[in-house]
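Enquirer: Chains A, B, C and D, in that order, are what the protein sequence lines are.
The first sequence lines up with residues 215 to 541 when you count with my numbering.
The second sequence lines up with residues 177 to 519 when you count with my numbering.
The third sequence lines up with residues 177 to 519 when you count with my numbering.
The fourth sequence lines up with residues 105 to 610 when you count with my numbering.
Think of the hints as simulated: they come from the structure by calculation, not from any bench.
It is possible that part of the hints are untrue.
Said to hold, decoys possible - Taking lysine to aspartate or glutamate pairs in the EDC-like style, the calculated list, with each CA pair at most 20 Å apart, reads:
{"hint": "1", "chain 1": "D", "residue 1": "LYS257", "chain 2": "D", "residue 2": "GLU288"}
{"hint": "2", "chain 1": "C", "residue 1": "LYS408", "chain 2": "D", "residue 2": "GLU215"}
{"hint": "3", "chain 1": "D", "residue 1": "LYS325", "chain 2": "D", "residue 2": "ASP134"}
{"hint": "4", "chain 1": "B", "residue 1": "LYS408", "chain 2": "D", "residue 2": "ASP437"}
{"hint": "5", "chain 1": "B", "residue 1": "LYS408", "chain 2": "D", "residue 2": "ASP440"}
{"hint": "6", "chain 1": "C", "residue 1": "LYS408", "chain 2": "D", "residue 2": "ASP188"}
{"hint": "7", "chain 1": "D", "residue 1": "LYS325", "chain 2": "D", "residue 2": "GLU546"}
To be verified - Examples of chain C residues lying across from chain D (beta carbon under 7 Å, computed):
{"hint": "8", "residue": "ARG385"}
{"hint": "9", "residue": "THR386"}
{"hint": "10", "residue": "THR387"}
{"hint": "11", "residue": "ARG390"}
{"hint": "12", "residue": "ILE393"}
{"hint": "13", "residue": "ALA394"}
{"hint": "14", "residue": "GLY397"}
{"hint": "15", "residue": "ASN398"}
{"hint": "16", "residue": "LEU404"}
{"hint": "17", "residue": "ALA405"}
{"hint": "18", "residue": "GLY464"}
{"hint": "19", "residue": "ARG465"}
Every residue gets a Cβ at the ideal spot worked out from N, C-alpha and C, and that includes glycine.
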Amino acid sequence: GCTSNEPQTEDDGGDDAAQAAPAGANDEPGETVTIGFSAPAADHGWMGAITTAAQEEADRFEDIDLQVAEGTNDVNVQISQVEQFINDGVDAIVVLPFDGAALTEVATQAMQEGIPVVNVDREFSTPEAARVTVLGDNYGMGRSAGEYICERLGDQGDAVIAEIAGIDSLPLTQDRSQGFSDALAECDLEVSNRVDADFTVQGGEEAASNLLQAAPEIDAIWNHDDDQGVGVLSAIENAGRDEFFLVGGAGSANMMREIESGDSVVEATVIYPATQAADGIRLARLLAQEKAMSDLVEVEVPRMVQLYAPVVTADNVDQYLPTAFES
Amino acid sequence: MSESPSTAAEAPATTGQQTVSGSGEPKFRLGLGHSLGLVLALVALLVVGVTTSGERFVGLDNIMVILRQAAVIGVVSIGVTFVITAGGIDLSVGSVLGLSTVWASTVATQTMAEDVHWIVLVACALAVGTVCGLVNGFLVAYGGVVSFIATLAMLVAARGLAEIISDRQTQIVSVQGFLDVFRGNLLGVPVLVWVFVIVAVAGWFLLARTTFGRRTIAVGGNPEAARLAGIKVRRHTVWVFGISGLCAGIGAVLMLARTTAGTSTHGYLLELDAIAAVVIGGTLLAGGRGSIVGTVLGVLIFAVLQNLFTQNNLDSSVQAVTRGAIIVLAVILQRRFSSARRT
Amino acid sequence: MSESPSTAAEAPATTGQQTVSGSGEPKFRLGLGHSLGLVLALVALLVVGVTTSGERFVGLDNIMVILRQAAVIGVVSIGVTFVITAGGIDLSVGSVLGLSTVWASTVATQTMAEDVHWIVLVACALAVGTVCGLVNGFLVAYGGVVSFIATLAMLVAARGLAEIISDRQTQIVSVQGFLDVFRGNLLGVPVLVWVFVIVAVAGWFLLARTTFGRRTIAVGGNPEAARLAGIKVRRHTVWVFGISGLCAGIGAVLMLARTTAGTSTHGYLLELDAIAAVVIGGTLLAGGRGSIVGTVLGVLIFAVLQNLFTQNNLDSSVQAVTRGAIIVLAVILQRRFSSARRT
Amino acid sequence: MADDATATPLLRMTGIVKTFPGARALDGVDLEIRPGEVHCLLGQNGAGKSTLIKVLAGAHQPDEGEIRWEGEPVTIGSTMAALDLGIATMYQELDVVDGLSVAENIFLGHELAAGGVLRRRVSHSRARELLAQLGHSEIRPGREVGTLSAAGKQVVSMARALSRDTRLIVMDEPSAVLDPEEVENLFRVVRTLSAQGVAVVYISHRMDEIRQIGDRITVLKDGRTVATGLDVAETPTPELISLMTGRDVATDFGGASSGPGTEEPALEVTDLAVEGVFDGVSLTVRPGEVVGLAGLVGAGRSEILETIYGARRATSGTVRVHGRTLRRGSVSDAVDAGIGFAPEERKSQGLLLDEPVYRNITLSTFARFARGGLLAESAERRAAREQAEALDLQPPDVGRAVRTLSGGNQQKAMLARWLVHGCDVLLLDEPTRGVDVGARAEIYRLIRRLTESGTALLLVSSEIDEVLGLADRVLVIADGHVVHTGTTADIDEHRVLDLVMEGARA
Ligand SMILES: Nc1ncnc2c1ncn2[C@@H]1O[C@H](COP(=O)(O)OP(=O)(O)OP(=O)(O)O)[C@@H](O)[C@H]1O
Ligand SMILES: Nc1ncnc2c1ncn2[C@@H]1O[C@H](COP(=O)(O)OP(=O)(O)OP(=O)(O)O)[C@@H](O)[C@H]1O
Ligand SMILES: [Mg+2]
Ligand SMILES: [Mg+2]
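Please put together the full structure from these sequences, using the hints given.
Expert: Here it is, written out as structure tokens:
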């Protein structure tokens, strides 16, 4: 299985992004469909992986003609990209909106014109705006990280727990933080130091070096994003600190290798699949070709696919590493 | 060369050809003539569009998509044209736009708008934008803070304030009257586009045909001469920044209509796009020469480019590289054509 | 006022006080004196830091954290100081830095570095940066593209190229020799900080003490006069941009060492921070006057501010608003102090 | 010096043509310079003098024509090439870099350096020598040039020309910003140079200077050589003037003004002072009266005018116009009260160089032409054209950018602004700087016309005869103090100079 998705609803072939040839009845070439894809700018590793994975997935199918719009963080531009897809009469649209609420109207419009929309990662504000929504579980991610820390430190009431968040103004960051503090609250812990980076290596390094300076004694750190985690680790190494353990987020191959090595402060990471958009492309293809999901009892493609957020630790890392994304 | 320091490093080229310009005709007057290179670049892009994507590219539908997209950045860029012509710079427009959308879409404002009239919502956005602009203007004119720094500070502060007000939540606009009007069409053309056209024409008129415009050019061209000629340079500076803020407020209204949402992330990095459009349009970054027509063309070129890329199946990184090359080509083309006209 | 058109809108304030200035000493020469306001702002921030976070704030550890953080942006800003002093602007430094880290950390380069010497990796980063800078310079000097546009195009293109080369993946640096040297300490001070200090001193020397520096100021202050004095303005412009590119390359080396990784997202929006530091430091955005000492102080102020915020666990929105206010205050403070010294 | 007429000339330019878009600036110019001579270049404003010397300096490339240097044909492809030949130029438009120090400006482009590192001590002492040679040892080499007055910048320019090893020095209207004593200084330097065999091309609109210093004369008219190699001693001034202008021009000041009425003063200045610049300035100007400020360069005359106008903030004292006290430091208050001001540095203080002439002329009045904020450009053009004609602006096209006008014509455009404005009190700072004989007479007539219509004029000029000829009363300023006040009838040029010297020494 590719990342994390096997416990959830997902067709078989889609799991295995790492393998070359897809298999299964649904993967047999059908009529060629044009799929419009729009996502934010690849200004951080995970987002870069998203776009790359989507493109690779489309290349895998000769019956997909993927129309990729330039990545943008300007919702105004993103709206016109979707408008243009509608104009061009594409067969399906996959959108990872920069801001879900802001793209709801135009997505609704596409749906009304009969073009199925697959909403990835950041949710629209109304369900009618998308035929399928593929979501990571941000709140669940926070919870998983929190629960892991609870497990390790639950008996230490005065444990110092730090959090290195991503971009604070994004709802997904807020969800993650909420899940994290909710889970911690259940074992009477709380976040004592919190900084936000910006999902970049550089931002992670800066935030972490300041954080380490501000908190001389830490027991655990949760870092929301493994891409910025490269910078975080660099800062930790530089400060020569190892009195704590670190839980990552997103599940990049880099981090998993750290976990595998066993001598790193990184003990675990919570997966947030970067293949969501690739899944979205697949689903869009099915919708456009009016195929159904072969792996579910229900014949139709489901409304909502929420990907699971498992925790990767030294115990199960070999299971996840082969398919993790190189951020 | 005292007037072009900001582009000073590129002066030799200028000296060689531009300052020797013979037709003493003021350049912003020539409107399309001066912008011939830009028009050609635009036409070239359209031709490429038609070749690669078929006639649909210049179909009415697609043109409207382009224009609707251009509307927000266009309105903002027109305000920025004034500031740059007056010799300043405004880095804050993007985040002021964000703040205005947030303020206008708070529950309080929306409730009031529903109780009274949707115009309240519009007025709120415009007021927030204008006030931010005026604050910039005061800092620059009376505080003696260079405009780059003053508006940079405003950029940071307005974004922060927007986050605080919205609690970083995206606020949905539900004032139906507002949505009906601004998301609608008038004579087959989206209201958004009408607003853009009106602001552009008003901006052109203000800059090219009124005493206000003349003062703006004088203040930007040689502030000392303007002052000695009795122009109240400081007060004028405040107004110019006010206009830029007002335009950001109008842009916020359009953004609210287009996205039906207000959020602090609206307008992120918009300032760079706006300044780029203004400068490509032929307004001197050093001040003293401004062209609204050029700005509009600059905005359209960027919007068409965007549209063109979406049509073509290019990898988005390749798109970025291509965009860089095209920007340079467009500018060189423009230089060629405007200097060819002169000699 | 011929020297400040880009800040023209704010001219009246300047005119009132500067042209009547008594001390005729050239300002870039005064070094610390001229930057008194900045030094005071820095001290004030440190005092606030000590009050809110205890003495640890000015402890050696924390100082080193601040300095290491300042190193990357500092090196880049020094390059940008040259471009701005010469009357141009360089928006591309951030993405050129990103491209350099990516190129230097590709498998091919790293393998070669491991086989030969880690210096290959460093040379690669510096070469990529310098070449990008020279391309900017050629476009500006010989292509006649204004620097804002030329470097904006480079910004977009270099970022795209970096994404293509890296396939949008973060490339971990594993050349041990490189990491050992650049992540290490020398006499108790991180090598990163040494590099910053060396570049700063070299930059100061180059700008204030050499023919090259004088010519840079002349080209920025009055390109026509520079040309008439027999200075090859175009060629000089190319070199100045080359320096900026080289500094971005040095920044890339530091970034590689600091993060142990190369990625196309490195340096995102760094250009804005760099330009802000340069301008706060007292270099005229219009060209013709530049201060490396000021730039270094500007960089330090921003770094201390960042550190201060983190130490105090401030919400990032509140940070933003505060930061905006502090920027304006620092500049007004500086104006106060420098004009007080003059009258 | 230049008796050796048969020897190879140092420089010979033949058939030089230079066209600008829309203007044929040079239309076949011949010029021959012999080693060691002082060759004067005469011509009306816009005749092509500056363009010719820019061709010579490598700043412009000629379209046609041949240049021979010591008999060898050469192309001067860049300013560097000219400097390498040994041609140094002092340009008409001050070509200094404000942000650099005096010494740095002097050695710009050929810095005294060891391996690229400036040798500051050496360049300062060398600069000090050069400045001393020019009689200006009071200018410190480390001073920032931006803080110098126009005259100071001219001195720096001169020092720069001298700093090179030259065979030919071209001086484009160097005396325009200098006062008599300065000019004397300059001549001393010129004589030394020509004694050393260095040739000098000297451009000036002041005939008396030509007589004093020149050996031979070339006259340009409309981009063509109309006479060349005239011997200064043998050519009478009226002949030169008619060669230049094609007509006879009488340069008189138009006699005394009609004299002040007995009315209340239009302008009343009491105890005006700006700390550190000047103090205790009191004067009154009645309608129809011309009051002159005489003094050496750097005496603070420009500052007095600027302060009256509100462009500088007075530290004490009052300015009243028709009894109304003006707010300190407020230009708009002054303009509202009816004061006009033509500043001395037209480029930095007066003109929008890339804007058309007419908009420069109406810079202070466009709002008056406008209706309801709407510009009335045709009315502006009309008004501007009228004044342009009155001042004989060349070319008379008011639509071209001011930048493309010759220096003297730019000055006329500045003056025209305040003629269109029509103010009660007019402050003129060096109104005839760089203006040719013909236009100068025009300006004198204009001043008369203004006084007759009741304008009160306050005039600063470095040409003492001009002040004495035009003004009814004169204030002699030395070092920021008024050292003498009286009617012009009671004083002559020598007395003024004496007063100035005493004041400066005191
Ligand atoms: N860059 C230019 N573009 C167009 N025309 C120009 C330019 N420079 C000069 N001219 C024109 O060339 C002619 C000669 O100008 P020039 O400056 O040589 O006159 P001049 O003899 O030096 O006059 P003055 O005594 O006023 O300085 C004028 O008609 C002027 O308008
Ligand atoms: N920007 C400035 N900063 C410092 N000192 C200045 C500045 N401008 C002028 N000064 C000084 O003020 C004094 C008077 O200046 P200025 O040369 O303008 O007098 P002036 O009598 O008007 O001379 P001119 O004949 O050139 O008009 C001089 O000592 C000059 O050096
Ligand atoms: Mg001339
Ligand atoms: Mg003066």
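Enquirer: Taking 7 Å as the limit, does the beta-carbon of C:THR386 come near enough to a beta-carbon in chain D?
Expert: Since chain D brings a Cβ to about 5 Å from C:THR386, closer than 7 Å, the hint holds.
Enquirer: For B:LYS408 and D:ASP437, compute the direct alpha-carbon distance and say whether it is at most 20 Å.
Expert: 10 Å, holds
Enquirer: Minimum Cβ distance from C:GLY397 to chain D below 7 Å?
Expert: 4 Å, holds
Enquirer: Is the hinted pair D:LYS325 and D:ASP134 satisfied, with a Cα-Cα distance of at most 20 Å?
Expert: Satisfied, since the Cα-Cα distance of roughly 12 Å is no more than 20 Å.
Enquirer: Between D:LYS325 and D:GLU546, is the straight-line Cα distance small enough, at 20 Å or below?
Expert: Given pair D:LYS325, D:GLU546 holds - Cα atoms ~19 Å apart, limit 20 Å.
Enquirer: Is B:LYS408 close enough to D:ASP440, meaning Cα to Cα at most 20 Å?
Expert: Roughly 12 Å separates the two Cα atoms, so the pair holds.
Enquirer: Was the hint right that C:ARG385 lines chain D, CB cutoff 7 Å?
Expert: Holds - the Cβ of C:ARG385 comes within 7 Å of chain D, reaching about 6 Å at its closest.
Enquirer: Within 20 Å, alpha carbon to alpha carbon, are C:LYS408 and D:ASP188?
Expert: Answer holds: C:LYS408 to D:ASP188 is near 14 Å, not above 20 Å.
Enquirer: At a threshold of 7 Å, is the proposed contact between C:GLY464 and chain D supported by beta-carbon distances?
Expert: At about 4 Å, which falls below the 7 Å cut-off, the nearest Cβ of chain D leaves the hint on C:GLY464 intact, so it holds.
Enquirer: Return the status of the interface hint for C:THR387: holds when the least beta-carbon distance to chain D is below 7 Å, violated otherwise.
Expert: 4 Å, holds
Enquirer: Regarding the hint that C:ASN398 lies at the interface with chain D, is the smallest CB-CB distance below 7 Å?
Expert: Since chain D brings a Cβ to about 5 Å from C:ASN398, closer than 7 Å, the hint holds.
Enquirer: Holds or violated: C:LYS408 and D:GLU215, Cα atoms, limit 20 Å.
Expert: 14 Å, holds
The structure shown violates none of the earlier numbered hints.
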